[in-house]
Each structure stands twice: as structure tokens, then as C-alpha cells.
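Participant: Starting from two chains that each stand alone, build the complex the way the hints lay out.
Order-wise, the sequence lines are chains A and B. Just so it is clear: in the first sequence, position 59 is 58 by numbering that gives the first Met the number 0, and no numbers are missing. Just so it is clear: in the second sequence, position 343 is 342 by numbering that gives the first Met the number 0, and no numbers are missing.
Read the hints as simulated data drawn from the structure, not as lab findings. Among the clues, some could well be false.
Dumping the calculated DSS-like pairs for lysine-lysine here, alpha-carbon to alpha-carbon at most 27 Å [what the hints assert, rightly or not]:
id : chain 1 : residue 1 : chain 2 : residue 2
1  : B       : LYS2      : B       : LYS64
2  : A       : LYS290    : B       : LYS168
3  : B       : LYS56     : A       : LYS95
4  : B       : LYS219    : B       : LYS168
5  : A       : LYS95     : B       : LYS265
6  : A       : LYS165    : A       : LYS92
7  : B       : LYS265    : B       : LYS348
8  : B       : LYS34     : A       : LYS95
9  : B       : LYS265    : A       : LYS92
10 : B       : LYS1      : B       : LYS56
11 : B       : LYS65     : B       : LYS168
12 : A       : LYS166    : A       : LYS184
13 : B       : LYS265    : A       : LYS184
14 : B       : LYS56     : B       : LYS2
15 : B       : LYS64     : B       : LYS1
16 : B       : LYS350    : B       : LYS34
17 : A       : LYS95     : A       : LYS143
18 : A       : LYS143    : A       : LYS92
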Amino acid sequence: MESLLQFTLNALMLGSMYSLMAVGFTLFFGVLDVVNFAHSEIFMVGIFSALASIRILEYLGINNIFFLLIGAIVCSCICTTFINIIFGRVTIKPLKFSPSILTLVATLAGGVVLRYMVMLFFPHGTEAHFFPTLLPGGRINFGKIDIEISVLLIFLLSIFLIVFLKKFLDKTKIGMQMRAVAQDKETASLMGVNVDAITDITFFIAGILGAIGGVLYGSYYNFVQYNIGEFYGPIGFAAAVIGGLGNIYGSILGGYLFAIIVTFTAAYLPGGVAFKFPIGFAALIIFLTIKPSGILGTDRGIKI
Amino acid sequence: MKKVDNIIDSIAVLGILLMFYRFFITFLQIENIWKLSILVTIAFLVILLISRFENIKSKIIMSFKKNRSLTYFIGLLLFLSLPFSLRQSSYWIFILTICWLWIIIAQGINIQFGSAGIINLGAAFFWGIGGYTTAILASRYNFNPLIGIFLGGIMAILAGLPLIIPILKARGHYLALVTLSVVVAFGHFANNIKWLGGSQGIMNIPSVSIGGYNFLNSIKIFNFELPPISNYFYFATLLGILVLFVCHRMSNSWVGLTLNSINENKGDIICSNCMGINRARWVVISFSIGNFFIGIAGAFFAHMNCYVAPQDMTFYKSLLYLSAVILGGMDNIMGVTIGAILIVILPEKFKVLQEYWIIIFMSSIVLMIILRPQGLLAAKIRNYGIKRQ
Numbered sequence: 000m001e002s003l004l005q006f007t008l009n010a011l012m013l014g015s016m017y018s019l020m021a022v023g024f025t026l027f028f029g030v031l032d033v034v035n036f037a038h039s040e041i042f043m044v045g046i047f048s049a050l051a052s053i054r055i056l057e058y059l060g061i062n063n064i065f066f067l068l069i070g071a072i073v074c075s076c077i078c079t080t081f082i083n084i085i086f087g088r089v090t091i092k093p094l095k096f097s098p099s100i101l102t103l104v105a106t107l108a109g110g111v112v113l114r115y116m117v118m119l120f121f122p123h124g125t126e127a128h129f130f131p132t133l134l135p136g137g138r139i140n141f142g143k144i145d146i147e148i149s150v151l152l153i154f155l156l157s158i159f160l161i162v163f164l165k166k167f168l169d170k171t172k173i174g175m176q177m178r179a180v181a182q183d184k185e186t187a188s189l190m191g192v193n194v195d196a197i198t199d200i201t202f203f204i205a206g207i208l209g210a211i212g213g214v215l216y217g218s219y220y221n222f223v224q225y226n227i228g229e230f231y232g233p234i235g236f237a238a239a240v241i242g243g244l245g246n247i248y249g250s251i252l253g254g255y256l257f258a259i260i261v262t263f264t265a266a267y268l269p270g271g272v273a274f275k276f277p278i279g280f281a282a283l284i285i286f287l288t289i290k291p292s293g294i295l296g297t298d299r300g301i302k303i
Numbered sequence: 000m001k002k003v004d005n006i007i008d009s010i011a012v013l014g015i016l017l018m019f020y021r022f023f024i025t026f027l028q029i030e031n032i033w034k035l036s037i038l039v040t041i042a043f044l045v046i047l048l049i050s051r052f053e054n055i056k057s058k059i060i061m062s063f064k065k066n067r068s069l070t071y072f073i074g075l076l077l078f079l080s081l082p083f084s085l086r087q088s089s090y091w092i093f094i095l096t097i098c099w100l101w102i103i104i105a106q107g108i109n110i111q112f113g114s115a116g117i118i119n120l121g122a123a124f125f126w127g128i129g130g131y132t133t134a135i136l137a138s139r140y141n142f143n144p145l146i147g148i149f150l151g152g153i154m155a156i157l158a159g160l161p162l163i164i165p166i167l168k169a170r171g172h173y174l175a176l177v178t179l180s181v182v183v184a185f186g187h188f189a190n191n192i193k194w195l196g197g198s199q200g201i202m203n204i205p206s207v208s209i210g211g212y213n214f215l216n217s218i219k220i221f222n223f224e225l226p227p228i229s230n231y232f233y234f235a236t237l238l239g240i241l242v243l244f245v246c247h248r249m250s251n252s253w254v255g256l257t258l259n260s261i262n263e264n265k266g267d268i269i270c271s272n273c274m275g276i277n278r279a280r281w282v283v284i285s286f287s288i289g290n291f292f293i294g295i296a297g298a299f300f301a302h303m304n305c306y307v308a309p310q311d312m313t314f315y316k317s318l319l320y321l322s323a324v325i326l327g328g329m330d331n332i333m334g335v336t337i338g339a340i341l342i343v344i345l346p347e348k349f350k351v352l353q354e355y356w357i358i359i360f361m362s363s364i365v366l367m368i369i370l371r372p373q374g375l376l377a378a379k380i381r382n383y384g385i386k387r388q
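So here's chain B without its partners, still in its complex pose (with noise of 0.2 Å):
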């Protein structure tokens, strides 16, 4: 009987994902407005009919909780399977990739905003570091691209490691302060310098190529041939994935209980003072950590769209990217992710919305401050001592 039940337990998830993955694609690719709000509120409508009764719930956890490895196996190759779907809208499959990479710059942000409690207003500067230092490497010295990427993200560390000293000196407003100023300051600067190509940015920046295969060619495999984005959307999937793994493991290990220590939001400062944490060099660590991710995001950044400008670089953005933390869940790396992916999908699907669509999406960040300040999934409890049942 048990192999049946667990047989029963596989199909059930290799159903719902399909379904998920089915209900995906034709979200993305229904133009229509009201077929879209008539699609949402359907997939809504079946959610809470779920939720509403216990019995159905409780197993379809089980069932995935049972079957783990298969979950994230076929989840991995549905993912991966994305663009053999979406192949005749090359725009959608961009839309992914920069998804990846709003989700790399949220975690940068999760570390060091929701795990130790140092603000940064400033991620747009960081991400900026590393599409200018790329860029620059790469179309004037020729530095292979994939090198670019990621002295971007060591140059994007080093801009913040001078921010230090004053981050430790000060708290609460002033350490919003300190990075915002920066941004605001690098806006100005980058526009306004040759070197960096002023208003106008840097262009013809040259795209990746790993080992003579350039990513400008198009994928073919049996009949499929696949638009040239999705080369960058399965790198971006690879990195994705990397920084999400190592975020997950560092949250979950004594390195994320530390980080949570000397938030002063959250932990007790002084008690991990008393406890033998040095702050400053965890400051060090998370900032310089969250950097690195923004860093080689921006970098990616670059050279996809191969220009980078100071029209990026804003102070709104920065609250873009901050807001994604927010609105998802600050310390849960799952709620980041989930509120990434609405950032930057919904404003494409509701592009009908226009500038409306700003004031909508920032009253939401204010009543979702007022109502639920824990985020869409709230931070878990950490249970250590205590044996799992």
C-alpha cells in the first residue's frame, strides 16, 4: 500500500508543478488585460479554495515535503525548459533574466538590510561599480567578459569598504545617510566626467563569450532554435542559483545567527557584544558580501544589454531595489525571491497602468509597512536546541 501512496504522492507533485508551469507561461504571454485580471483571479480563487480546506492542504505539503529531490529536480527542468516555451517572444525570456538578476541584487540587499540590519539606499551605486568597471575592462583593455564580471563585484567591495568607518560610527538615520549620499554623488559624478562617457554612458560594450562560443549566437538543439537571450538566461539561472544556494546555507548556519545578533533592529547589540562578536568585522563581512552580489549583477547587467548609463544609477532605483526586500520578506530568502519576481514581472504585465502604475505599486510599499511590516512570508524562527519532530 505504501508504494502506491507513494507513487500517488509523486504524480500529484509532477502535476501541480505542471500546472504552475502551464498557468506561467500563459500568464506571461496573455496581452489582454482583462483576460489577464480574469486569469489571476481564477489562479487566486483555486489558492484559497485550497487553503480553505485543511485536509487537501496538509497533503499536498506532505507530499512535497515527502518528495523533495523530485520537487526541486523537475521544478529545475521545467525552469530550464522556460525558453523552448517562450521562444517566440525573445522579450520574455529577457524579462526572466533580468528577474535572476533583480533576485541576486535582493539577497546582496536580504544580507545586509534584513539579516544585519545595515541599510543600503545606495544599491544602485553599487551596481553601477560594476557595469562601469566591466565595462570598461572589457571594451577598452579587452578583459574577457567573464573576468569583468567579477572584478565587478570585487571593485563594487572595495567602493564599499571607504563607507566602513562611517557605517560603524553611526545608526538609524545617519546610517541611511551614509549611502544615499553616495548614490546621489556617483549620479552626478558619472554624468559629468568623459572617462566615463557622461550622459551618454558607455557603449558597444562586447558581450560574453565563454571558450569562442559567443553568446550573441542563437541555441539550437534538435528542431528548437532558441533566441540568443537565453544564453544569458541560463548563465543568469547558473548564478542565480549559486547565490541563492550559498545565501541559503549562510542564513541557516551560525554565520546568519551572528549576522542577526548585531542587527539593532532585531538582536541586541550589546549582548553580542558581551558574547564576543566583534560587530565591525560582520559589518565588514555582510556589507562587503551584498556588495559583491550587486556588483557582478550590475556587471551581468552590462554586458546583456552591452551600455551601461547614469540613468541607473538614481536614488529611485535604489528604493526599488530595497523595496523588493521589503515587500517579500526581510531574513527570508524565499520571501526576497518571490518579491523580486513581482517587481519586475507585474510592471510588464501592467504596462497598460503607465506612470499610474509607480504611484500604485509605492502606496502598496506604504501599506504594506503600515499593515504587515513583516513582509509577504515573515522571517522564520530559528529553532536551534530544539529537536525537530
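For reference, chain A alone in the conformation it holds in the complex (with noise of 0.2 Å):
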């Protein structure tokens, strides 16, 4: 009993990094009908931007946890949005009426560039970097269970970026924009939508939400590598597919979907941990199979 607790909290943590992933790949294919696939090379340019924030400030003589943390959030926040803007401009942007398969090779191949880029630039590239916890620690006691406020904390943030998005996108007037460009690029520029705009914002709203999931990541995880974007970049488009790309809550849901299949696989299954990924993507390809518009998506594709 008290080790399913113990697995059910590993895949809320998942979870929820799972799905502060999918939203980013959701968020592009539902707003610009592309599938961005360096979105998980952003949220890694993301944590090192943070490191490098961090570093920074440390240099400076500043060590209150609290400071460091607004302080990393913020610049990471600044640093991932510029990288991103630029990115869309230069990859997708001139691309906008090219076959979507080449759009999609061409963001893969964007994120390969900026993947070594961080690589190559930032010192000591290649190893694995150390990453302060910058969460507050210490534990919850709900009766029997113990719940580390960090995990609460990552848990309750990813749930509110995410239902916050979904509020943007539905009430405000950017929002409405971003949908009407979603569903008709032409009619809505013939609306007044300024397209290209819409499009750098869209950029703008990723790079932040790969930056504060950089930050949730890097502080609990403690430690970060450039090639981690190669390892979740196929996870948060298999969490956001489950769930039903182009839906905001989808992203939710598929991405705790997806880590309550991976860790209870790799926990209850003899010899789990060979199977975990194999499991978790067969599950995608069956639902890719059964439904192909996923759990919660509305069916827009052509039937012959």
C-alpha cells in the first residue's frame, strides 16, 4: 500500500513534467497547425539559462533561496522567449506555406543546432551540470503519507500555468486571435489578425513556459545535460497525442497518463524498467490507431 502511494506521487511528479511539455507541442499545433519539435530543446535552453542566471547572482553575493529563484525565473524567462522568437522567425516563419512534413523536419533540425549550440557555448558543455534546489524542502503529513512540498508545489504550479493558458487562450482578445489564426490563417488575416504577430507571441508563451519548466525541473532534479530535449522531446508529443493535440487540457491528462503507464510499468512488471518506454509508446501507437485525434481532440481529419 504505502509503495503504490509512493508510485502514484513518482508519476504525479512525472506527470507533471510530462505535461508541462505536451502543453508547449499542443499549444503550437493548436495555434499555428505545426508541430514544433524544438520545443523540448527550448525548455532545455531554458534550465541553462537558469544555471547560468543562478551562477551569476551567486557570483554577485546573493544567496536568499527566494531571490534566486524570482531571480532565475525571470531571466530564464527573458533569455528562453528572445532564443525562442528568433528560432520561429528563422524556422518556421518563411515555411508558413511548405508541406508540414518539412516544417517538421526543419524544426528537428533547428533543435539539433540549438541543442549543440549549448553544447558547444556554454562552459564545460558536454558535462553534467549541478543545479541548486531552489524549491523549498521538508515534508507534508497527510495521515499516513508524506508529501514533499516541492513535489506539491511543482504539482500545483503546472496545474495553474497550464489552466491559465487555457484561460488566456479562451477570454482574452490575444487569445481569440491566436484560435481564429489556429483555424484559418488566411480569413483571419482578412479579419485584421496580424499573423506574423500571433506568431511571435505564440514563440513568446512557449519560451516561457519551457522556462519555468526548466526551472521546476532543474531545482528538483539537481542536475541538467544538453541532450536532455533528444530524451523528452518524443515524451511530450506522445503525452500531448494521448491526450489530443490542439487541446490545452488534453496536454493534462495525457501527460499524467503517460507517467502513471511508465512508472507503474517499470515498477510492477518483472523486469520493468526494459519495458517501460516500449510499453508507454505502444500505448501511444494504439491510441494512434484506435483514435487517432486522442482522448479529449475533435476529429478534424479527412475520411476517403
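Facilitator: Below you can see the structure in the form of C-alpha cells.
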């Protein structure tokens, strides 16, 4: 019983990370109708820019954890959004009218460029780096269960971010414009929506998501390496598809579902560590076969 | 007079081919980066100069067209004599063999992605399936490596078959995800399963031997002694020419036309369905043929290198294979071949650049997609029904 609870908590933790990643993929698909495979690399850029800002702040003599956290988030947001907007202008904007497959390959290639840029230009980029714990430690006791405060914080923060994003897309004027661009670029531009500006705003939001997700990731796992994007990209994309590409709440569902599948396979299947990702991705393929639009997605495919 | 013209044409063809051969050898052998760049610049300038003068250019092209069989014959002969010229450095013969393997893989992906429009981001998976199959069969069950290589291709087809249903159901982005998830999952799987050797992979795979002749022996012809790797070079040349021939015949026949018609980026799926083309059948056929090619290339590599390891089966590798097709030109066999050769040889030549090479290369892929989405050589327009002049 105790171990079951522990595994559930682990799954919650992993799921928060996966859904933060998935929401980026789903945002690009829902707004620009493209798959931006470099989003996981933007996540990685977020972590490394946070790390750099922390090192600078520590060098300046600031050791208060709260200030470090705020400083890391702010610096990382500025840096990551800047890089992300440039990335979007280079790879996605010129390809507005190309087949979707080519856009996908372009973002993949661009992502590899980002990854190796970090590896080459960050000091000692090839090694794993230590990332200080920024979230408050300690545990809360609920009867029998012990929960780490940091896990709870990450869980709440990721849910809050995603719900906030959904509300932003639904209620504000910019959000409405973004949804209009997603449905039909030409008609939207006829209605006075600046499609290029909306593209930039999408990359801006995705940059903020990547930066905050990166800071949370770093301060929980305490170590980062340049190649984590390669690992998290397919997982985030898979989670987004399971939940339903284009549906913001679907990414929460998909992220937690994928995390639960992976964690429980590793825990309860004999020799499960080898099978955890094969089974996770097998679930994805089954989903693609039965319901390609995902759990919450609406079917907008063509049938012949 | 005509006879004299013909002889002059043949001599011109011979001379140009020999010059190209000499240039290629020099290009491979020069180590110094500055000398290399001077050589490349000179070659580039010569090509530019020739293409400036319409008169000379059309004459050269005409003489190549007239002496087609001579060109092929001499070209093949020169190619087969490459190991003689490079016998001091077996490394380059090895790289040229790898070139052939990449050409085979790129042709496989071209049938899937270029012709039929099924994106395959899991080429490394099928490559790995081929390699592991022959590794297990040859090192544990004493299969003949030749049979192992063939079975590697067959296993790659079988491994691809379960993916057919999701591939038929999914379109566009979802399609990319199907093959991508397979390669990521297999990487984790092979890393953690003891039967497949874990992260070490399977080592000590026996090398190929035909009728008692082991490929580890060095070839002795007259006074020349060729390094053992040239065995594999000749074998790969044979395989590669076979694959190129099959691909050429396929893409210039009704099969290629059918495959193009079910391509969602090129043809019109609804239209091809109305014409009575069974999309499912042709997706299965093109996907399987492509996987077969990739599988035999993987199995061949396993025997040549004597080991397989999961490090070669990453998503990044698949992306590289795919970019060979995009760089060279989708649905153009010549273009894809050139793309594969460039991707293998250039990083070896520019080793000084180390990891910067990856950044330069991937940026150039992005630039290529933006500026010239059809690749170096664009796909030819079919002219069925129009009489050639």
C-alpha cells in the first residue's frame, strides 16, 4: 500500500513535467497548426539560462533562495523567449506554405542546432551540471502519507500554468486571435489579425512555458545535461497526442496518463525498467490506431 | 567525318571521367584543410566556367549522352579500381563502403518518403533490427552471414508490418509520430535487455565468408595487395548497384507513378482512389521495400564492423538518414545518391570542425528546406504519352 502511494506520487511528479512539455507541443499545433519539435530543446535552453543566471547571482553575492528563484525565472524567461522568437522567425515563418512534413524536419534540424549550440558555447557544456535546489524542502504529513513540499508545489504550479494558459486563450482578445489563426490563417488575416505577430506571441508564450518548466525541472532533479531535450521531446509529443493534439487540457491528461503507464510498468512488471518506454509508446501507437485525435481531441481529419 | 567526331566524343568522355577520378582521389588523400579548400575552390570555379559557356556545356552533355554505355562501363571500371589507388589508406575504403550503405538506406527512405509520402523517422530502428537479427543468428546459431543479411532485411519488413495499421489511419504529424516512437522505444529496450547485450551490444560477430573465402583475407592481384576491407567494398558495390538498378526501374515504371499518386504532398489521394488504386496495398509495398533495404544495410554494417550497439539506433541517426534524402532531392534517385555521399564524406573531410560541423550541417538543412525545398536535384517531371524528340 505504502509503495503504491509512493509510485503514485512519483507518477504525479513525472506527469507534471510531461504535461508541461506536452502543453508546448499542443500550443504550437493548436495555434499555428505546426509541430515544433524543438520545443523540448527550448525547455533545455530554459534550464541552462536559469543555471547561468543563478551562477551570476551567486557570484554577485546573493544567496537567498527566494531571490535566486525569482532571478532565475525572470532571467530564464527573458533569455528563452528571445531565443524562441528568433527560432520561430528563422524556421517556421518562412515555411508558412510548405508541406507540414518539411516544417517538422526543419524544426527537428533547428532543435539539433540549439542543442549543440548549448553544448559548445556553455562552459563545460558536455558535462552534467549541478543545479541548486530552489524550492523549499521539507515534507507535509497527511495522516499516513508524506508528501514533499517541492513535489506538491511543482504539481500545483504546472496545473496552474496550464489552466491559466487555457483561460488566456479562451477569454482574452489575443487568445481569440490565436484561435482564429489556428482555424484559418487567410480568413483571420482578412479580419485584421496580424498573423506574423500572433506567431511571435505564440513563441513568446512557449518560451515562458519552457523557462518555468526548466527551472522546476532543474531544482527538482538537481542535475542537467545538454541532451535532455532529445529524451523529453518524443515523450512530450507522445503525451500531447494521447491527450489530444490542440487541446490544452488534453495535454494534462496525456502527461499524467503517460507518466502513470511508465511508472507502474517499471514498478510492477518483472524486469519492467526495460519495458517501461516500449509499453508507453505501444500505448501511444494503440491510441493512434483507435482514436488518432486523442482522448479529448476533436476529429478534424479527412476520411476517404 | 562522323567517325572522327565519334572518336573525339569518346576521348572527351574518357578524359573527363579520368579527370574526375583523379580529382576524387586527391580530394580524399589531402589532409591539410587549406590545400583542401583551394582544391575545392578550383573545382568549383572550373564547373562554374564550363556552365557559363553554353556551347561547351551542351557539347559535353551531348557526348555523354551519345556514349552512354561507354560512360557506364568506364565509370564502373574506375570505381572498381578505387581500392587500388587508395590501398595505402584502408580508412577511406571503409568510408566509401559506408557511403554505399548510406546510399542503400537513403534509397529505401526515398521509396517511402520521397515517392509514397510516408515519413520514416525510424530508419535507425529498422537498421538496428537488421543488425541485431544477423548478429544473433550468426554469432549464436552459426548461420551463414549471407543468409543472415537477407533475413535481417526480412525481419525489418516484419518489424514494420505492425506499424502499417496506424500508418494507414494517421496523416501528417501523427504519421511522423508512429515511426518516431518506435525508434525511441527500441533504444531504451535494447539498452536494458540482457539477451540483446544491453548497452554493450553484441560483439564478435563473424565476418562474411563466401564458399570458404573469408572476407578478412587481403586480396592479392598481381603485385598489388589490397587491404581486407576492400572485400566489403566490392560486396557493398554489388549490393548498391543492385539496389540502384531496382530503384531506377521502379521509379520509372507504373509502380513509381502509382506510389507518387498516393503521396499526399505530391499527388491526390482522392483522385488515385477513384482510379482504383488500393492505397493500403501500395503503402504496405513501399514501406516494406524501403525497410528491406534499410535492414540489409544494417545487417551488412553489423558484419563489417563485427558489433552492433544501441548507440547507433538513436533518433538523431534517423534524422540524418532522412536529411540525406531531403538534401539530395526527394524522389530523384541520382539526387538521393549524391545527398548520401555528401553526408558521409564531408564530415570525414572536415574533422577539424568537430561538433561545429553538426551545427553547420543542420543549419544548412534548415536553409535548404527554406530556400530550395526540392533538394539539390529536383524530381523529374514525368512525360508519359509525350513523344521524346
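Participant: Taking the hints in turn, state whether each one holds.
Facilitator: Status of each hint after checking the structure:
Taking the CA atoms of LYS2(B) and LYS64(B), the gap is about 16 Å. The hint holds against a cut of 27 Å. Distance restraint check for LYS290(A) and LYS168(B): the Cα-Cα separation of roughly 9 Å lies within the 27 Å cut-off, and the hinted pair is therefore satisfied. Proposed proximity of LYS56(B) and LYS95(A) is contradicted: the alpha carbons are some 38 Å apart, above 27 Å. A threshold of 27 Å between alpha carbons decides the hint, and for LYS219(B) with LYS168(B) the separation of about 55 Å lies outside it, so the pair is violated.
Between LYS95(A) and LYS265(B), the direct Cα distance comes to roughly 17 Å. Compliance with the 27 Å bound is thereby established for this hinted pair. In summary, the hint linking LYS165(A) to LYS92(A) is supported, as the alpha carbons are separated by about 24 Å, within the 27 Å threshold. Between LYS265(B) and LYS348(B), the direct Cα distance comes to roughly 36 Å. Violation of the 27 Å bound is thereby established for this hinted pair. Distance restraint check for LYS34(B) and LYS95(A): the Cα-Cα separation of roughly 42 Å exceeds the 27 Å cut-off, and the hinted pair is therefore not satisfied.
Simply put, LYS265(B) and LYS92(A) have alpha-carbon atoms about 22 Å apart, close enough for the 27 Å limit, and the pair holds. This hinted pair checks out: LYS1(B) and LYS56(B) have alpha carbons roughly 20 Å apart, not beyond 27 Å. Restraint check for LYS65(B) and LYS168(B): the C-alpha separation of about 48 Å exceeds 27 Å, so the hint is violated. Restraint check for LYS166(A) and LYS184(A): satisfied, since their Cα atoms lie roughly 22 Å apart, inside the 27 Å limit.
A distance of roughly 22 Å separates the Cα atoms of LYS265(B) and LYS184(A); the hinted pair therefore holds under the 27 Å criterion. Of the pairs offered as hints, the one joining LYS56(B) and LYS2(B) holds, with about 22 Å between alpha carbons and a cut-off of 27 Å not exceeded. A hinted pair counts as satisfied when its Cα atoms are at most 27 Å apart, and LYS64(B) with LYS1(B) qualifies at roughly 16 Å. Restraint check for LYS350(B) and LYS34(B): satisfied, since their Cα atoms lie roughly 15 Å apart, inside the 27 Å limit.
A distance of roughly 55 Å separates the Cα atoms of LYS95(A) and LYS143(A); the hinted pair therefore is violated under the 27 Å criterion. The suggested pairing of LYS143(A) with LYS92(A) is violated, with an alpha-carbon distance near 53 Å, which exceeds 27 Å.
When held up to the earlier numbered hints, the structure conflicts with 3, 4, 7, 8, 11, 17, 18 and fits the remainder.
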